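Residue numbers (my numbering), protein chains in the order written: chain A, 16 to 142; chain B, 3 to 135; chain C, 451 to 700.
If you're looking for bench data, these hints aren't it; they were derived computationally from the structure. Do not take every clue at face value.
Unchecked claim - Covered, in the sense of this in silico footprint (three residues per stretch, anywhere, with C-beta under 8 Å from a C-beta of chain B), are these stretches of chain C:
hint, region
1, 484–497
2, 661–668
Stated by the list, open to error - With a straight-line Cα cutoff of 27 Å, these simulated DSSO-like cross-link-like pairs (lysine-lysine) come out:
hint, chain 1, residue 1, chain 2, residue 2
3, B, LYS66, A, LYS110
4, B, LYS86, C, LYS673
5, C, LYS527, A, LYS23
6, A, LYS110, C, LYS527
7, B, LYS86, C, LYS699
8, A, LYS31, C, LYS699
All of these numbers come straight from a predicted model, not from anything done at the bench. For glycine and all other residues, C-beta sits at the position ideal for the given N, C-alpha and C.
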Amino acid sequence: MSQAVQIKRVPEARSKSPLFWLPFGAGGMLFALFGPGLILITGLMAPTGIGIPESFMSYAHARAFAENPLGKLILLAVIALAFWHGAERIFLTLKDMKAGTIPPLKMGTYGVAAAATVLTLIVLLVI
Amino acid sequence: MSERRPYRRPMPSNWWWAPGPYRAYTIRELTGVAIVIYGAVLLAGLISLASGPSSYAGFLAFLKSPFSLLLHLVLLAAVVYHVKTWFETLPKTQPKIIVDGKPVPAEQITKYATMVAAGCSLALILLVMGVAR
Amino acid sequence: MPDAALAAKTVELRILRYRPASDERPSYESFHVPYSQEMSVLEALQSIKDTLDGSLSFRWSCRMAVCGSCGMMINGKPQLACSTFLRNLPPGPVTLEPLNNFPIERDLVVTVGDFVKKIESIYPYIIPKVPRTIEEGAYLQTPAQMAAYESFSDCINCMLCYAACPQFGENPDFIGPGAMALLQRYNGDSRDGGQRLRLDQIHGENGVWSCTAVGYCSEVCPKQVDPANAVNQNKTNSAFDFFLSFVRKA
């Protein structure tokens, strides 16, 4: 019998990508399920009064929604996950385009998403 | 003497816009821009809401402007494309589903998931129409 | 110039040639070969080698899409030369290039060494959950358990998927679709217990995390192996494993 072939296997360092991939996936799924409905409601139907009365997004109604704990949670999820989902896609596309070195690209995408998340949290806490 | 001198052809720097699958992939990824813009509109609305009634009135006036309506139409188109491609990719991200000893075809998973998604958006709209009435 | 009658019966093949001893870089050379209705691209290449230029280099063996040797770029798309027929290609010259994203050894022959190393790295064999003695008999499996991984075992290592993958083009160290299909062939096998070992091999930046789900690899696969599925379901596995690793440490 010949000697068993020794294959050198050195596991690579664990990637931190899952930290960004998870909110990307959550945001992608949220917008795949509810995105068209959300855009139709807040961007087209309520502003024009077609199907939904304009009063739906009145100051009083919007304020009540943003002050309700469940409303806060929905707003945080939709806004933050929109940013994190887009950040992953835009970062990878800019990387494909070789639009710059990696650290500034990350700042311009994940950094913006982190800032938007913090800003949303602060506004929801003070409102 | 070995004649080996392997030659590595460089990747074209604009491969991501090459007609066909690469361009379709890049367009799919760029739907992320639309989703960020929508998130930014909501965030702007939330900030104006916190700033008081007059500031929020400005936000509502923006939503009624032709620019905003056109923007939201474009965002809607982009997100519909996102829905389509998201569920085309979905079967790739999960183990094969075995029913009666046979894997369920990816096209079928895509079809059912897209129908569920259409149902979710529709249910959301009907809910809001019901609440707002 | 060939006259009209002759032109109707010949086909032009524009081949990217590279002879490392004499050529600084690859360049195209055109050949005209007699055309017939049942001719494959591989047969056209063999006709050139037999009658026009014996120095033309390309790999082939089985001639029936089983061995995976004759993959090349045919009009810019990764395909097997033996199962691509001239009659199905658009009229005009046929452009043949070695597989994209691989170093060219000579003419249409590319370097495969790194691919073989990647296959070796993912433990490409069954690691039994509980080893059995011969007296205890065979490892049993239901048809449904087999269906969970069987398609991944159809891979013929032709590397078309690597030529289709821009992320492999950008990062030659990316484990890539083909090796991941083989990994899933074993990870998805009910008799196998090596998932932990294999997951550790692919949790890095050069593992599954170089994939951006372009999906073209699965489109070009001549055996419908769906390597994009193998990569992306292991991205899901690797993500869960990432978060579980903190629980394990605690």
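Against the structure, the hints:
1. Counting residues of the region 484–497 of chain C whose C-beta sits closer than 8 Å to any C-beta of chain B gives 0, which falls short of three, so the coverage hint is violated.
2. Counting residues of the region 661–668 of chain C whose CB lies closer than 8 Å to any CB of chain B gives 6, so the stated coverage by that chain holds, three being the minimum.
3. Under the criterion of a C-alpha separation no larger than 27 Å, the hint pairing B:LYS66 with A:LYS110 is inconsistent with the structure, at around 37 Å.
4. A hinted pair counts as satisfied when its Cα atoms are at most 27 Å apart, and B:LYS86 with C:LYS673 qualifies at roughly 26 Å.
5. As the CA atoms of C:LYS527 and A:LYS23 are separated by approximately 34 Å, the hinted pair breaks the 27 Å bound.
6. Distance restraint check for A:LYS110 and C:LYS527: the Cα-Cα separation of roughly 24 Å lies within the 27 Å cut-off, and the hinted pair is therefore satisfied.
7. Taking the CA atoms of B:LYS86 and C:LYS699, the gap is near 40 Å; set against the 27 Å cutoff, the hint is violated.
8. A C-alpha spacing of about 16 Å is found between A:LYS31 and C:LYS699, which places the hinted pair at or below 27 Å, so the restraint holds.
Figure legend: structure checked against the earlier numbered hints; hints not met, in rising order: 1, 3, 5 and 7.
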